[in-house]
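Student: Heads up: the sequence lines are chains A and B, in that order.
Sequential numbering of the first sequence, starting at 1, is according to my numbering.
Sequential numbering of the second sequence, starting at 1, is according to my numbering.
Keep in mind the hints are simulated off the structure, nothing from the lab.
One or more of the hints may lead you astray.
Claimed, not checked - Ranges between beta-carbon positions, derived for each pair:
#: 1; chain 1: A; residue 1: Y38; chain 2: B; residue 2: P77; range: 57 to 63 Å
#: 2; chain 1: B; residue 1: L669; chain 2: A; residue 2: D81; range: 31 to 37 Å
#: 3; chain 1: A; residue 1: T151; chain 2: B; residue 2: V565; range: 54 to 60 Å
#: 4; chain 1: A; residue 1: D81; chain 2: B; residue 2: G349; range: 58 to 64 Å
#: 5; chain 1: B; residue 1: E626; chain 2: A; residue 2: R122; range: 26 to 32 Å
#: 6; chain 1: B; residue 1: N41; chain 2: A; residue 2: I30; range: 31 to 37 Å
#: 7; chain 1: A; residue 1: N132; chain 2: B; residue 2: E578; range: 28 to 34 Å
#: 8; chain 1: B; residue 1: V597; chain 2: A; residue 2: Y38; range: 31 to 37 Å
#: 9; chain 1: B; residue 1: W258; chain 2: A; residue 2: K65; range: 24 to 30 Å
#: 10; chain 1: B; residue 1: L666; chain 2: A; residue 2: D81; range: 48 to 54 Å
Idealized CB from N, CA, C, for every residue including glycine.
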Amino acid sequence: MTQLAWEKPENVPVEASPQGIQWKYVIGLIVLFVGIGYLILQGTASGARYFISVDELLKGDYIGKTVRISGAVIGESIRYDPQNLIIDFTIANIPSETNDLARTLHEAVRDPKATRLAVHVRDQVKPDLLQNEAQAILTGKLGEDGIFYATEVLLKCPSRYHEIAPNQSIADPSIGK
Amino acid sequence: MLAEVGFIATFLAFGAALYAAVMAFYSVRQRDERRLLSARNAALATAPLMLVSLGALLSALLTEQYQIAYVWNVTDPNTPTFYRITALWGAQAGSLLFWSGLMSAFAFGAIALNWQAQRRLMPYVIAYTMLVLAAFLALSLFFENPFERYWIMPDDSVAKGVFALGGAVPPSAVRLAETANGLNPLLRHFGMIVHPPLLYMGFVGFIIPFAFAMAALASGDLSSNWIKATRRWTLLAWLSLSLGLVLGGRWAYDVLGWGGWWGWDPVENAAFLPWLLSTAFLHSVMIQEKRGMLKVWNMFLILGTFSAVIFGTFATRSGLVDSVHSFARSAIGFPLFFFWFAITAMSVGLLLWRWRRGELRDERRLHGWLSRETLFVLNNVIFVMLFIAIFWGSFGAPIFSELFMGTTITLGKDYFLQVTPPLFLALFILMGVAPLSAWGATTLLRLGKALIAPSLLAALVVLSLALLQPTEPLVLLIYGLIALSGTVALWETARGAAARHKRLGENWYTAFTALIARNRRRYGGYLIHLSIALLGIGALGSELYQQETQRTLAVGQSLELGGYVMRYDGFLGGQIAEDGRIMDIAQVTVLRDGREVARLRPRRDFYPNAEGMNTMTIPSAHSTLEGDFYVLLVDWEPISAQNATFKVFINPLINLIWWSSLLLILGTLIGMYPERRVALATATVEPSSQLAGAKA
Numbered sequence: 001m002t003q004l005a006w007e008k009p010e011n012v013p014v015e016a017s018p019q020g021i022q023w024k025y026v027i028g029l030i031v032l033f034v035g036i037g038y039l040i041l042q043g044t045a046s047g048a049r050y051f052i053s054v055d056e057l058l059k060g061d062y063i064g065k066t067v068r069i070s071g072a073v074i075g076e077s078i079r080y081d082p083q084n085l086i087i088d089f090t091i092a093n094i095p096s097e098t099n100d101l102a103r104t105l106h107e108a109v110r111d112p113k114a115t116r117l118a119v120h121v122r123d124q125v126k127p128d129l130l131q132n133e134a135q136a137i138l139t140g141k142l143g144e145d146g147i148f149y150a151t152e153v154l155l156k157c158p159s160r161y162h163e164i165a166p167n168q169s170i171a172d173p174s175i176g177k
Numbered sequence: 001m002l003a004e005v006g007f008i009a010t011f012l013a014f015g016a017a018l019y020a021a022v023m024a025f026y027s028v029r030q031r032d033e034r035r036l037l038s039a040r041n042a043a044l045a046t047a048p049l050m051l052v053s054l055g056a057l058l059s060a061l062l063t064e065q066y067q068i069a070y071v072w073n074v075t076d077p078n079t080p081t082f083y084r085i086t087a088l089w090g091a092q093a094g095s096l097l098f099w100s101g102l103m104s105a106f107a108f109g110a111i112a113l114n115w116q117a118q119r120r121l122m123p124y125v126i127a128y129t130m131l132v133l134a135a136f137l138a139l140s141l142f143f144e145n146p147f148e149r150y151w152i153m154p155d156d157s158v159a160k161g162v163f164a165l166g167g168a169v170p171p172s173a174v175r176l177a178e179t180a181n182g183l184n185p186l187l188r189h190f191g192m193i194v195h196p197p198l199l200y201m202g203f204v205g206f207i208i209p210f211a212f213a214m215a216a217l218a219s220g221d222l223s224s225n226w227i228k229a230t231r232r233w234t235l236l237a238w239l240s241l242s243l244g245l246v247l248g249g250r251w252a253y254d255v256l257g258w259g260g261w262w263g264w265d266p267v268e269n270a271a272f273l274p275w276l277l278s279t280a281f282l283h284s285v286m287i288q289e290k291r292g293m294l295k296v297w298n299m300f301l302i303l304g305t306f307s308a309v310i311f312g313t314f315a316t317r318s319g320l321v322d323s324v325h326s327f328a329r330s331a332i333g334f335p336l337f338f339f340w341f342a343i344t345a346m347s348v349g350l351l352l353w354r355w356r357r358g359e360l361r362d363e364r365r366l367h368g369w370l371s372r373e374t375l376f377v378l379n380n381v382i383f384v385m386l387f388i389a390i391f392w393g394s395f396g397a398p399i400f401s402e403l404f405m406g407t408t409i410t411l412g413k414d415y416f417l418q419v420t421p422p423l424f425l426a427l428f429i430l431m432g433v434a435p436l437s438a439w440g441a442t443t444l445l446r447l448g449k450a451l452i453a454p455s456l457l458a459a460l461v462v463l464s465l466a467l468l469q470p471t472e473p474l475v476l477l478i479y480g481l482i483a484l485s486g487t488v489a490l491w492e493t494a495r496g497a498a499a500r501h502k503r504l505g506e507n508w509y510t511a512f513t514a515l516i517a518r519n520r521r522r523y524g525g526y527l528i529h530l531s532i533a534l535l536g537i538g539a540l541g542s543e544l545y546q547q548e549t550q551r552t553l554a555v556g557q558s559l560e561l562g563g564y565v566m567r568y569d570g571f572l573g574g575q576i577a578e579d580g581r582i583m584d585i586a587q588v589t590v591l592r593d594g595r596e597v598a599r600l601r602p603r604r605d606f607y608p609n610a611e612g613m614n615t616m617t618i619p620s621a622h623s624t625l626e627g628d629f630y631v632l633l634v635d636w637e638p639i640s641a642q643n644a645t646f647k648v649f650i651n652p653l654i655n656l657i658w659w660s661s662l663l664l665i666l667g668t669l670i671g672m673y674p675e676r677r678v679a680l681a682t683a684t685v686e687p688s689s690q691l692a693g694a695k696a
């Protein structure tokens, strides 16, 4: 009896399958696809943001265009006016993202030669993650005055996204944390 | 000891899964029942082994075994027990292991429950579930091992390994406890105890319909058997995923403090993508069951759902996308991508093979634009178009531009707000119309007549929303179309109960319960439609009519917003909570028409021991059906706190989003509840279910 389990069932009804393409539905579908495709294309054209580095932003012709940039936050530059909800800070160019983001950000902030860019954000509460050596991903426009006016701020704190290992201190109880 | 137990149990589970997969395939080739039994037993063994493995990690977290790197990373001596449990899925390695544990539990249930009835599909179900499980366990064993421990090497350097390396000694337990990292503050929210497990259950649960679909393709049993066997599993996975998504929104609303709940962030979208395909699948399988149509399409949808699950996992866990929800950039990126590619190629290959052989031909054709099957097909097409639009916006455009244009183009929230609303609206319209149409064909006149009463009910909903706040006519029309999808569900249920009441003389309660009991799938589905309509109204209202303001107030001063008055009463600085965090709390009173309606305590938490991110702005809200009065403490004057700055939002109708999920749960449970025995008996005489294996 169990052997039967391997056999293909013989009594499954195979109805004569209807043949031919139902053109009116195919055409309906094509119209729908074209319509939605157009919607997606339009959305892409108006919503597209070039994702570039600080260096690329300053070298290219981007003044007045909405772009997305990434840079390392310089902690001491952060100025926050909580009454008017204005945030000003400076970011440093990140050369290229490596697997060790924490080190890349750390070096970018300390490198005096790294290109820096002043950022101005209005009407936003200072994000909890805005701190030294965080990676800022900003959407906005570069003004004629060389300041980047950001409308959207996304921050990544490397320690949150990277596993931290205990340092040598755990080897010797006499060394502080 | 716990590290060894956990590691060995995981390793054995990996071995058992691999053995079961190979043996199951081999048993089919050899037509060998003994080998199949052996494969089944090995597959069933993975669940208890994973229970041991997860138990070991949980015990290590609870008993503070900081030598285990994972425990050191996600807890510290101040972590309360509650968060020690949630820390199990608080970071990459633990959550991967948890994921595999859930997968083994799902596989255990599906194999044990269907073993007798689905003998022909079983070898392949075992093979595919175990293949996927083995792949995930391999990630845990070789890339993200949660049982690795810290060791001090002879040269005093710190190394990581499960077992002691030559000459290594364990670090001092005291030093380890002193330096332990603690759970990421963002994850210290009560929602984190249910949100990740539900989301994972949703993701992982789709392994069952996926494996059965693959089994149907591989075995050649292409009847609706695989659909019947997996209907409840699919609903369970779908419910979990739906609740996981809503709770994720709630977490963002409570913790991230930006006044919103859905940001069209790539990681949110990655979890939403399988939801879209699986929802389409839940609808289109009905057409296959009732009309013998859409066989290829159903296969495509469920294989696509699982492929989207693995892709979403890859996107979230590899560091591919920038998001507040993503995990650490990790070495599992490439292997997970490879696995996604392999599983997708395998699924598509099998599907194409059966299709070309002409074995997935439909038994009927579409009749008329207004027939229920045509409307269902249309609903499916729109779900898939939404999938394409959201995939393109989140992953397609950035990847395409990077590969072919030498630059990266990302699409922001405005892309999604432009492209998705018309598609969502189309879905709501179909949700209203399709349940009223008949299988085969429906005339416009009949459909129009059926729509009259639900439309009047929808108009009442629109009227009450218009009275609640001034609303533009176009938005009222959209409210009406969304409401219609819910009122159709309500009206149809009431009509059915009334017919029973009149025809059979049953009292209203009996008529209502008997009606639902007679067709649980339909009325469960209606309840889900009602919940989605409420969610739609909540989402639209909170998105379009959110009001916000910010002000600095001195103690005793007030601000006004949307008919509410908020008074700053005082400040409690430096409150220390039991987990060691320091809370600065503002006390405010909310008044309406001169009467006090709530006292709120927005606050800022500071975690002195946390590395990196150590402050959290926690909002406080006064919630009613009408909406939320949501307050954030932005800043305050040091020491005296005589002045404090607040950002205040009014989010109209937002609570409909959370409350609708209760109806969603109820509706899905009704739909999942087994039909009565009479119904089962009739089902077994259907020719398609007369399988040799079923009879055996």
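Student: List in ascending order the numbers of the hints, as given earlier, that are violated by the structure.
Tutor: 2, 3, 6 and 8
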